[in-house]
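For the record, the sequence lines run as chains A and B. Take the first sequence: its position 76, counted from the start at 1, is 76 in the working numbering, and no numbers get skipped. Take the second sequence: its position 15, counted from the start at 1, is 15 in the working numbering, and no numbers get skipped.
In short, the hints are calculated from the structure, not lab data. Note that the Cβ used here is the ideal one computed from N, Cα and C, for glycine as well. Take the hints with a grain of salt, since some may be wrong.
Which stretches of chain A does chain B cover? Using the computed rule of at least three CB atoms under 8 Å from a CB of chain B, they are [as the list claims (entries may be wrong)]:
id, segment
1, 15-22
2, 29-42
3, 79-92
4, 129-142
Restraint-style ranges between C-beta atoms, simulated for each label pair [said to hold, decoys possible]:
id, chain 1, residue 1, chain 2, residue 2, range
5, B, D47, A, R64, 29 to 37 Å
6, B, S74, A, E18, 40 to 48 Å
7, B, G133, A, A71, 15 to 23 Å
There are 2 protein chains.
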Amino acid sequence: MARPPDARDTVRVDSAVEEVAAFNAAFYAAFEARDLDAMSSVWEHSDRSTVTHPGWPTLRGWARVLGSWEAIFSGTPYIQFVLTDEHVHVVGDVAWITVDENILQATDGGGADTEELSGSSVAALNVFTREGGSWCMVAHHGSPVSIAEPG
Amino acid sequence: MARPPDARDTVRVDSAVEEVAAFNAAFYAAFEARDLDAMSSVWEHSDRSTVTHPGWPTLRGWARVLGSWEAIFSGTPYIQFVLTDEHVHVVGDVAWITVDENILQATDGGGADTEELSGSSVAALNVFTREGGSWCMVAHHGSPVSIAEPG
Chain A
1 MARPPDARDT VRVDSAVEEV AAFNAAFYAA FEARDLDAMS SVWEHSDRST
51 VTHPGWPTLR GWARVLGSWE AIFSGTPYIQ FVLTDEHVHV VGDVAWITVD
101 ENILQATDGG GADTEELSGS SVAALNVFTR EGGSWCMVAH HGSPVSIAEP
151 G
Chain B
1 MARPPDARDT VRVDSAVEEV AAFNAAFYAA FEARDLDAMS SVWEHSDRST
51 VTHPGWPTLR GWARVLGSWE AIFSGTPYIQ FVLTDEHVHV VGDVAWITVD
101 ENILQATDGG GADTEELSGS SVAALNVFTR EGGSWCMVAH HGSPVSIAEP
151 G
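Next comes chain A alone, as it looks inside the complex (with noise of 0.2 Å):
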């Protein structure tokens, strides 16, 4: 923008900024937690909430989302995150976050014995909508991260 922002403007956007900031930590605390209801509080409830886990298509509508949540956490004994890269951004009611999931998480082999730990790497675009003046989240985009960027 042409015009530099005065002082007023400077504490509001990045009072958003550290608001959408918590809010995605919550996001991730209710995802290692595995913790329905927490992860249901981050949500929008909505026609237009969608969930894109790493491999999977694009699932749309609240219901939708919520019973992948419940697929995942009752398959994921334990995830813990380590978030890098975050880069938070606010427009207006709108604010998008990309950041860098390294992963540690422990997946259900089969039987009640098999739990095995593994690493992964996913790339994060998260998408967040102001209404009332609180935030929820819209949109979770996770995909899997398999190859380095070609030189």
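Here the structure of chain A is known, so what remains is to put chain B in place on it, guided by the hints.
This is chain B only, laid out in the frame that chain A set:
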């Protein structure tokens, strides 16, 4: 929102949705044409521009975004998109689109006569911002669809 939109709101919002949809179509047309100038004109050229190609880490900043398109265009003799389930959402000066990319492409097999045609499915989340009345893409995230939704 509790307040029902009046006629002016409806016309304005629908117009924005159509504008963004047209812009999204221009993005895929540039991709199919492997036209770097056309692709460049679709994008915001800024530090917050990001692209996540299927399997790649997220690349941040216009220089790296542009470099990725150069690499992909030079390594892709032919690519065709059939887009399905496109959903456009506009809130203020931000828009996001989820769309399923059904792709037919030829890839260099390493030699002059070794092009191979292959099909793939990519889940995409595209983010646009509007400044000075015109839209531009600020994030493209495409991820490989390798598994069906668990039942």
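- Item | Outcome, coverage of the segment 129-142 of chain A by chain B - at least 3 residues whose beta-carbon is closer than 8 Å to one in that chain | holds (count 6)
- Message: Cut-off 8 Å, C-beta pairs, minimum 3 residues; does the coverage of the segment 79-92 of chain A by chain B stand?
- Response: holds (count 5)
- Query: Could one say that the CB atoms of G133 (chain B) and A71 (chain A) fall in the range 15 to 23 Å?
  - Reply: At 43 Å between Cβs, range violated.
- Beta-carbon spacing of S74 (chain B) to E18 (chain A) - inside the hinted bounds 40 to 48 Å or not: The hint (40 to 48 Å, Cβ to Cβ) holds, given that S74 (chain B) and E18 (chain A) are roughly 42 Å apart.
- Query: In this structure, is the beta-carbon distance linking D47 (chain B) and R64 (chain A) contained in 29 to 37 Å?
  - Reply: Taking Cβ atoms as reference, D47 (chain B) and R64 (chain A) lie about 34 Å apart, which means the hint holds.
- Query: Holds or violated: the segment 29-42 of chain A covered by chain B, criterion of 3 or more residues with Cβ-Cβ distance under 8 Å?
  - Reply: violated (count 0)
- Do three or more residues from the segment 15-22 of chain A put their C-beta atoms closer than 8 Å to C-beta atoms of chain B? violated (count 0)
Violated hints for the displayed structure, listed by number in ascending order: 1, 2 and 7.
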